[in-house]
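Enquirer: Chains as they are written, first to last, in this note's numbering: chain A, 1 to 158; chain B, 1 to 637; chain C, 1 to 237.
Keep in mind that the hints were calculated from the coordinates and are not lab data.
Glycine included, each C-beta is placed from N, C-alpha and C at the ideal position.
One or more of the hints may lead you astray.
List of simulated lysine-lysine pairs, DSBU-like, C-alpha gap at most 30 Å [claimed, not checked]:
no., chain 1, residue 1, chain 2, residue 2
1, B, K533, C, K9
2, A, K12, C, K199
3, A, K111, A, K156
4, A, K17, B, K533
Some, not all, of what chain A presents toward chain C, calculated at C-beta under 8 Å [to be verified]:
no., residue
5, A9
6, E60
7, F64
8, T67
9, F68
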Amino acid sequence: MKKATTTEAKTKEIVKKHGRDKSGLIAILQDIQEEYNYLPKEALSVVGEQLEVPISRIYEVATFYNTFSLNPRGRYLVEVCAGTACHVQGAFNLKDRLQRDLEIECGQTTKDNMFTLEEVRCLGCCSLAPVVRIGGNIHPYLTQNEIPGILRNYRKQG
Amino acid sequence: MKKISTLDDLKKTGDKGLKSLFPSSVKIVVGMATSGIASGAGEVYEALIAEIKKRKLPYVLTKTGSMGMDFIEPLVDVIEKNKPRLSYGKMTADKVPQLIDQIVKGTIDKIKPIYRVDEEDIIAKREKKQYLKGAVPEYLREIPAMYDIPFYEKQVKIATRNCGIIDPENIEEYIARGGYLAAQKALTSLSPAAIVDDVIKSGLKGRGGGGFPTGVKWQSCVAAKGDIKYVICNGDEGDPGAYMDRSVMEGDPHSVIEGMIIGAYAIGAQEGYIYVRNEYPLAVANLTKAISDARSCGLLGKNIFGTNFNFDIKIGKGAGAFVCGESTALMASLEGKAGEPRAKYVHTVEHGLWDRPTNLNNVETWANVPVILARSGKWFSEIGVPHSTGTKVFSLVGKINNIGLVEVPMGIPLKDIIYDIGGGIPGGKKFKAVQTGGPSGGCIPAKMIDLSVDFDALWEAGSMMGSGGMIVMDEKTCMVDLARYFIEFLAAESCGKCTPCREGVRRMNDILHDICDGRGKVGDVEMLESMAKGIADGSLCALGGSAPNPVLSTIKYFREEYDAHINHKHCPAGVCRALIRYEIAAKKCTGCGVCAKKCPSECISGEKKKAHKINQKKCIKCGICMESCKFNAITVE
Amino acid sequence: MVNFIIDGKKISAAKGTMVLEAARANGIDIPTLCAHEAVSRSGACRLCVVEAKKGKRAKIVTSCLYPVEEGIIIETKNERVLNVRRLVLQLLLARCPESDVIRDLAAQLGVAPQPRFAADKDKSKCILCRSCVRVCEEIVGVSAIGFSCRGADKAVSTPFNEDSAVCIGCGACAFICPTGHIEMETTEETRKIWGRTFKMKACDVCGRYFAPEDQLKYISKKTGVPLKELAVCTNCR
């Protein structure tokens, strides 16, 4: 129960920072996601109450945009760039390899909560294609052969 | 920060900026746009700090945006008093001590610069400013001047005039290169009508994709009734393979702000929004800093330049939805809603954000405005070709040697971009086509290489200018797979509001998947064409309206590839997995066994030092064997 | 008054009239699915498209949202228009193969299912016309239901697909649904909708169960009429 009150307090603080303004809903959700790595259901209820926006509308926004996740994500977000330049350089093979090695489908999180695999719309590093971004770091000119070692390194870092 | 309210204030601030742009001591500038950082510019920057500190040198170290030469990043520039500015490519942290050695000794013996810049063309001020005093030093004569190297020779930089030159976080450097002069002139000596008139005269058309004449749009917004009006900068650059706007927002945020100030004054808006993709954190950071600095200087806020004009800008961050690049969806998103477009039978210039008159332009469009005002609409209209004036920034990516951002005059022949600027196709492969306009655009085949790159010619060729993505493809690119790629993208990005787009695009996607997977049926192409017409006509917004374009244009120019997939279950480019086979050439195979070890499905076998074989039944066609083979013994059939 | 032409017929209508209304008032039939008089329009289904010609430009527009304009020439049944309508119906047939409403409408327009489209199994009869969401928001005022996700995954649901705390069980959504997708089960004492079971209120006079208790409480709160006065069914009032 104690954790619940902190989520509430934290969410209220975030809503207040954005002036309790309905048009700030997306920015508020972004800040909540920044804080928790996903959008906790409880936080969304608090946002609804604070902004006086029906929870159905918040749920709509939270599920409409790619950035938001209603489920906890892993420690490292593995983003396979799905930009055109990466695609023509064979990014789909990297995605398949990551799916096999991590034993998850795109959009899922590994059992040990280390990695969440997602496809991302063009990271705009087309000169380095194909790229994968892991925990914010760009891995340029990535080949399938490098993947096991890279994943091992992140696992080691914890 | 000191308030700027007069021309004299601008000049004084600009003088400070000139001192940092043309310093009296050694200055090292690192290209730290997203592309630079991804290439390792951060490590180079850290190494430079350490080396300078270690040797106790009085050097100044700063950051800049992207010059567009992504293919040789990280890029480091060295400026020494009275000497040409030198650009070093492919820098690494390891090379830093050598570079510093060279500066100290005044040589270029270890690392050669790619080019030198003797003088800066300050386009907004119509003047040149020298780095070099006197003749080019002997040891630098072999280094080509920037505009003599093929990558830059045919480029004309207006929208990206400051990118890769100024420190985007330093407003003084922006002002030193003529920044805010146009805004000062507009606000203090021009009537809104005169500004609109000059923008109309310039012939500037929207750079975001639509290509609607900017001045005409402004005029409609001026005419719209309402006390409160808005200007919006669309920075939701969503086309995969396109990052022109990011480069401007990261490398020269003040150019966008100044453009918006001028536009807001012309239209009568007091509030502006910049809507930026969430995937662009550096753009958000640099814009935020720029807005805050402009506010501190009094360039945003109340009584700008001592007039009674008030204007301020807020940033709205996108949250990952391609459709938000559509103006009505973007406005819904700014209002805190899901980004669903609405029918535009009533235009947004009359009923836009919060139902009020709103003028929305794209980043590159706004960045052009200050130069147009500074140099005149007539000057701008003389660049390019009739009906497509000025320049266009393209991101040149894919199967091309010189990957990067280029700004070229409209009407340049496509072949100049591909071969002169782009340096041709890597690996001696054949140029097949170029895709422009992103998911809404189309392909231009190699046979149309002489095409003039302008709004009308691209449209007539079945593609479009779009926002500026230019993806080059070689013989190893499958055009059916490419069409499938774009349709799959659009099916996932459709907002789901209207039936033709939500249901139609995914059905086209299913059919294209079938074709790529060897399940294509005779008649599928005709079916796709007929659906395309209904979807284009029937969709609510431009996302659905243009969604079929990549399919239609690939059918138009590469019908034989569709037929090969459907009738012969063959992918001529060797891309579509269900239709290809990996084979080991016995003659080339040394039997090293690396492929067998790497193969995830354990389908490669053979004796040591003897040619190996692939069990086709077990092969998942991941291609790792080919990637791993050092002897090029594995081929795709 | 604005003068224009629909299918060759000279018509005039008040400024602000939509083409759909102007056509219908003149005996010209345009099929619709998502336009309902009770709620605002969205132009989502695209069945009511017509071609609007202004000078040289002819574009496809939704008649339910397109206001009449002086001198405009509208065609409601030309090949280009019918091509869109046929596609829309084929797509909806594939999405909602079980829907009689869609099947009948398709039959009326001579549209057969497209064998190249595999029929969906997970969409039931929902065509995403938005009437339910709009009635819940605009008329009832509780916004118990809304959309989730986007593209092909877009669906109407309660938040998190859980019982909605604000739903009053009024059934307006089920009533307005053109295809019968929203299921509502009312027995004597209970009503089940969106997975939640509501207790029905018996009329204080005749004893007939007539409305969910939550709905009466909501009306009382909103209008200020005491709950007691609402405890009588319309027949006995």
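Enquirer: Hint by hint, say whether it matches the structure.
Expert: So, going through the hints one by one against the coordinates:
no., hint, verdict
1, K533/B to K9/C, "27 Å, holds"
2, K12/A to K199/C, "35 Å, violated"
3, K111/A to K156/A, "16 Å, holds"
4, K17/A to K533/B, "48 Å, violated"
5, A9, "22 Å, violated"
6, E60, "5 Å, holds"
7, F64, "5 Å, holds"
8, T67, "13 Å, violated"
9, F68, "11 Å, violated"
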